[in-house]
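> The primary structure of each chain is shown beneath.
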Amino acid sequence: ETGVTQTPRHLVMGMTNKKSLKCEQHLGHNAMYWYKQSAKKPLELMFVYSLEERVENNSVPSRFSPECPNSSHLFLHLHTLQPEDSALYLCASSQDGAGRGTGELFFGEGSRLTVL
Amino acid sequence: GEDVEQSLFLSVREGDSSVINCTYTDSSSTYLYWYKQEPGAGLQLLTYIFSNMDMKQDQRLTVLLNKKDKHLSLRIADTQTGDSAIYFCAETGNFGNEKLTFGTGTRLTIIP
Chain A
16 ETGVTQTPRH LVMGMTNKKS LKCEQHLGHN AMYWYKQSAK KPLELMFVYS LEERVENNSV
76 PSRFSPECPN SSHLFLHLHT LQPEDSALYL CASSQDGAGR GTGELFFGEG SRLTVL
Chain B
64 GEDVEQSLFL SVREGDSSVI NCTYTDSSST YLYWYKQEPG AGLQLLTYIF SNMDMKQDQR
124 LTVLLNKKDK HLSLRIADTQ TGDSAIYFCA ETGNFGNEKL TFGTGTRLTI IP
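Residue numbers (this note's numbering), protein chains in the order written: chain A, 16 to 131; chain B, 64 to 175.
Read the hints as simulated data drawn from the structure, not as lab findings. If you're wondering where the values come from, they're calculated on a predicted model, not measured in any experiment. Glycine included, C-beta positions come from ideal geometry on N, C-alpha and C. Any given hint might turn out to be false.
Taking CB as the label site, the calculated pair distances span [claimed, not checked]:
id, chain 1, residue 1, chain 2, residue 2, range
1, B, 102, A, 59, 37 to 43 Å
2, A, 131, B, 90, 40 to 46 Å
3, A, 31, B, 86, 39 to 45 Å
4, B, 130, A, 77, 38 to 44 Å
5, A, 110, B, 147, 26 to 32 Å
6, A, 23, B, 121, 31 to 37 Å
7, B, 68, A, 68, 28 to 34 Å
8, B, 138, A, 69, 34 to 40 Å
Let's have the full structure, built from the sequences with the hints guiding it.
Encoded structure:
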């Protein structure tokens, strides 16, 4: 138990569906992240929120839309995805951003997304 | 931009030492990290090293940093079946940078 909870753990969706991934952290952290994990590729940073403001958007297609309503919750809204978007989506949190202090990120277990 | 490279797979006999290697490009990295991902789980910080250190030892783990060659390694002594996992190398950029850059991960398989 890392203190970061992601739901759902598995999601199968068609290309025309709209779904959302949810992340909740119980650690009192003030930064939250979405990462994409694909086989044989580096772990890819998608979005960073610090104090509920988006501070990084790594050229992610607009079919992925993040939302951070408060410092404990982070969503990733998905619409009109492509099969190549199938991957493990990992949420993480940290205190004061990854570049400060020791930079430790606390990860959830991930949401395995399959796009048909 | 920053780049972190690792080999994808490593197989080691139980009881031997495992050495996982990583190269990186950003010479201004403040910290370098090793994260471990067990099957069906997220990543967990295993150990880290500050950029002004050459070596850090923590029980069975030894981290070596060669700043000149931008090379980081993780040695696991007396490898056990519980060490089977994916090991990710990561670096920060300049101090205060929000972003960690990760490698592909190295999948460590233990041969009985």
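> All hints, please: hold or fail.
Quick rundown of the hints versus the structure:
no.	hint	result
1	102/B x 59/A: 37 to 43 Å	violated, 21 Å
2	131/A x 90/B: 40 to 46 Å	holds, 44 Å
3	31/A x 86/B: 39 to 45 Å	holds, 42 Å
4	130/B x 77/A: 38 to 44 Å	holds, 40 Å
5	110/A x 147/B: 26 to 32 Å	holds, 30 Å
6	23/A x 121/B: 31 to 37 Å	holds, 36 Å
7	68/B x 68/A: 28 to 34 Å	holds, 32 Å
8	138/B x 69/A: 34 to 40 Å	holds, 39 Å
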